[in-house]
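J.: Sequence:
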Amino acid sequence: MIDSLDLPRRYLIPFDPRDLPHHFADVLVIGGGLAGLRGALGIDSRARVLVVTKDQIRESNSSYAQGGIASVLDPEDHFEDHVADTIAAGKGLCDPVVVETVVREAPRRIAELIDWGTAFDREGDQVALGREGGHSRARIVHALGDATGREVMRAVIEQARARPNVRIWQNSLTIDLLSFEGRCRGAIVWDRRRGPSLIWARATLLATGGAGQLYRESTNPAIATADGHALAYRAGAELRDMEFVQFHPTVLYIAGSARHLLTEAIRGEGAYLRDKDGHRFMPEAHPDAELAPRDDVSRAIVAQMSKTQHPCVYLDLSHLDPALVRSRFPSIDRLLQGFGLDITRDQIPVRPGAHYMIGGVSVDLDARTNVPGLWAAGEVTSSGLHGANRLASNSLLEGLVFGARAAEDINRSLDHSVPPLLEVPPIAAAQRQDAREPLDLTDIRNSLRALMWRNVGITRDARGLEEAARQVAFWCRYVLPHRFDGPDGWMLQNMLTVAHLMITAASLREESRGTHCRRDYPEPRPEWERAIRFRRPPLPEDSAPADPALTTEPDRVGTS
Numbered sequence: 001m002i003d004s005l006d007l008p009r010r011y012l013i014p015f016d017p018r019d020l021p022h023h024f025a026d027v028l029v030i031g032g033g034l035a036g037l038r039g040a041l042g043i044d045s046r047a048r049v050l051v052v053t054k055d056q057i058r059e060s061n062s063s064y065a066q067g068g069i070a071s072v073l074d075p076e077d078h079f080e081d082h083v084a085d086t087i088a089a090g091k092g093l094c095d096p097v098v099v100e101t102v103v104r105e106a107p108r109r110i111a112e113l114i115d116w117g118t119a120f121d122r123e124g125d126q127v128a129l130g131r132e133g134g135h136s137r138a139r140i141v142h143a144l145g146d147a148t149g150r151e152v153m154r155a156v157i158e159q160a161r162a163r164p165n166v167r168i169w170q171n172s173l174t175i176d177l178l179s180f181e182g183r184c185r186g187a188i189v190w191d192r193r194r195g196p197s198l199i200w201a202r203a204t205l206l207a208t209g210g211a212g213q214l215y216r217e218s219t220n221p222a223i224a225t226a227d228g229h230a231l232a233y234r235a236g237a238e239l240r241d242m243e244f245v246q247f248h249p250t251v252l253y254i255a256g257s258a259r260h261l262l263t264e265a266i267r268g269e270g271a272y273l274r275d276k277d278g279h280r281f282m283p284e285a286h287p288d289a290e291l292a293p294r295d296d297v298s299r300a301i302v303a304q305m306s307k308t309q310h311p312c313v314y315l316d317l318s319h320l321d322p323a324l325v326r327s328r329f330p331s332i333d334r335l336l337q338g339f340g341l342d343i344t345r346d347q348i349p350v351r352p353g354a355h356y357m358i359g360g361v362s363v364d365l366d367a368r369t370n371v372p373g374l375w376a377a378g379e380v381t382s383s384g385l386h387g388a389n390r391l392a393s394n395s396l397l398e399g400l401v402f403g404a405r406a407a408e409d410i411n412r413s414l415d416h417s418v419p420p421l422l423e424v425p426p427i428a429a430a431q432r433q434d435a436r437e438p439l440d441l442t443d444i445r446n447s448l449r450a451l452m453w454r455n456v457g458i459t460r461d462a463r464g465l466e467e468a469a470r471q472v473a474f475w476c477r478y479v480l481p482h483r484f485d486g487p488d489g490w491m492l493q494n495m496l497t498v499a500h501l502m503i504t505a506a507s508l509r510e511e512s513r514g515t516h517c518r519r520d521y522p523e524p525r526p527e528w529e530r531a532i533r534f535r536r537p538p539l540p541e542d543s544a545p546a547d548p549a550l551t552t553e554p555d556r557v558g559t560s
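Everything in the sequence shown is counted per UniProt numbering, starting at 1 for the first residue and increasing by one.
Incorrect hints may have been included.
The list that follows gives simulated cross-link-like pairs (lysine to aspartate or glutamate, EDC-like), each with its CA atoms no further than 20 Å apart [unchecked claim]: (1) K91 with E80; (2) K307 with E284; (3) K276 with E181; (4) K91 with E466; (5) K276 with D366; (6) K91 with D443; (7) K91 with D275; (8) K91 with D488; (9) K307 with D342; (10) K91 with E523; (11) K276 with D321; (12) K276 with D316; (13) K91 with E510; (14) K91 with E511; (15) K91 with D81.
Hint data in this document are derived by calculation from the structure and do not stem from the laboratory. Values in this document were obtained by computation on a predicted structure and should not be read as measured data.
Can you build the whole structure from these sequences, using the hints too?
T.: What follows is the structure, given as structure tokens:
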């Protein structure tokens, strides 16, 4: 049984609109990764667009992507095959219409990136295509060998900076979405120079990325603290599939160093996984061996680590052509040299790490949420593309497609009658009570990350989930009511809010499916071929009564 939690108040900070600076835009884009910037680039040039990013514009999960973007470009490949591979990885929870739409739009989005100056790797006069786990054919476009995200984001950022109607605020944390009369009207944004500001917008696109920092072992940058999931939830948006987190199988494991992703493409080129005794174990674990879907490879690695009582396994590329390896993976080659490792000869220590948040804000094919005025795209969403497990190299593709579709739908909405930006100021949020004792935020955050890794990680069971629920409930009782005046506190409140939803969903789903693996329920169950959905109940601070059809009782979830 999961203890009840007090739901977060509507706004993390109390505010009076008369005391804060106001800024205005036609479209507010929250997040500067690929989904957000592709959305900004698609907005009508007559509309004023403001992009706010939590860190520098180049600091996003998109920029760190190594593997590439999946697209049917080879005449011998077929849309139907990419669709089938995606649905197979999703283990019964993909939306076939969404999958078909995204796959068929992929070639157009790749061509668009090339037109914008993205230098994809080539073989002769054709774009080079690689193969990754779960794909039946080579269909992955990549750039700079193993730095696709960096090259794609370079081109897209240059395009955004060249648009006279697009402004970019960097190092700006979005605290909450603004809502009034049942509609999203913009956001409260904070930076060290300006402090909090109110940004009013006719349309808001949420593209804040993932939640990897909820886990001790993660490939995500420090900014991935689930902010978008939490602020959307507080604003009344529906979240779903929160139990599904993808763990990348091969994260460099060197004590004391950052957890660097080692791309799926390494195994696509033929690398082996071996245990500490040199045994290649994947052929015994899955028919596709090292090219199995990520969830299968991650679980096989964890099982082998347990069997051998060793903290990692090893990537072996020593049987591959050294020149090919160095030319295909130049960034990883340089990284490993810094640790005294030779990618062509040495065994590379790896273990799984939290990589991609599959669950998120529910959106339709136009990237609309259930909150009027709010669209969402990219990793912060649950679009129906990934189901219970994301196929490799479908994430940048999703950001491109849904960023573009969001922009198209926003343009249509801006052509129609939209309520004025600010008819009546929203009521000031109620004051919060400060905790009696100062809080050690770093200690709570580190403890939360360790707890999530231990109990809500690659494998789970009822006992561990109950322990996690009790501990998170305890932290929430004294952290969520606290009034903070800086980002460390707000980010911790977001992390705890989202951790609660993830634990609740993982406890309810009494089966194993995709990335959600229960030791006590090891098989999929037909009755769970559905989504778990969360919407917060109405709160006294809401500026207008919520539509009863869009709410549930406190701490309950709906399934469909």
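J.: With reference to the structure, classify each hint as holding or not holding.
T.: These are the hints, each one checked on the structure:
1. In summary, the hint linking K91 to E80 is supported, as the alpha carbons are separated by about 17 Å, within the 20 Å threshold.
2. A C-alpha spacing of about 14 Å is found between K307 and E284, which places the hinted pair at or below 20 Å, so the restraint holds.
3. Among the hinted pairs, K276 with E181 is inconsistent with the structure: their alpha-carbon atoms are about 60 Å apart, more than 20 Å.
4. With a C-alpha separation of about 26 Å, the suggested pairing of K91 with E466 is violated against the 20 Å cut-off.
5. At roughly 48 Å between alpha-carbon atoms, K276 and D366 are farther apart than 20 Å, so this suggested pair is violated.
6. Taking the CA atoms of K91 and D443, the gap is about 37 Å. The hint is violated against a cut of 20 Å.
7. As the CA atoms of K91 and D275 are separated by approximately 28 Å, the hinted pair breaks the 20 Å bound.
8. Between K91 and D488, the direct Cα distance comes to roughly 37 Å. Violation of the 20 Å bound is thereby established for this hinted pair.
9. Taking the CA atoms of K307 and D342, the gap is near 27 Å; set against the 20 Å cutoff, the hint is violated.
10. At roughly 12 Å between alpha-carbon atoms, K91 and E523 fall within 20 Å of each other, so this suggested pair holds.
11. Of the supplied pair hints, the one linking K276 and D321 is violated, its CA atoms being roughly 23 Å apart against a limit of 20 Å.
12. Of the supplied pair hints, the one linking K276 and D316 holds, its CA atoms being roughly 11 Å apart against a limit of 20 Å.
13. Between K91 and E510, the direct Cα distance comes to roughly 15 Å. Compliance with the 20 Å bound is thereby established for this hinted pair.
14. Proposed proximity of K91 and E511 is supported: the alpha carbons are some 12 Å apart, at most 20 Å.
15. At most 20 Å may separate the alpha-carbon atoms for a hinted pair to count; K91 and D81 meet this at roughly 16 Å.
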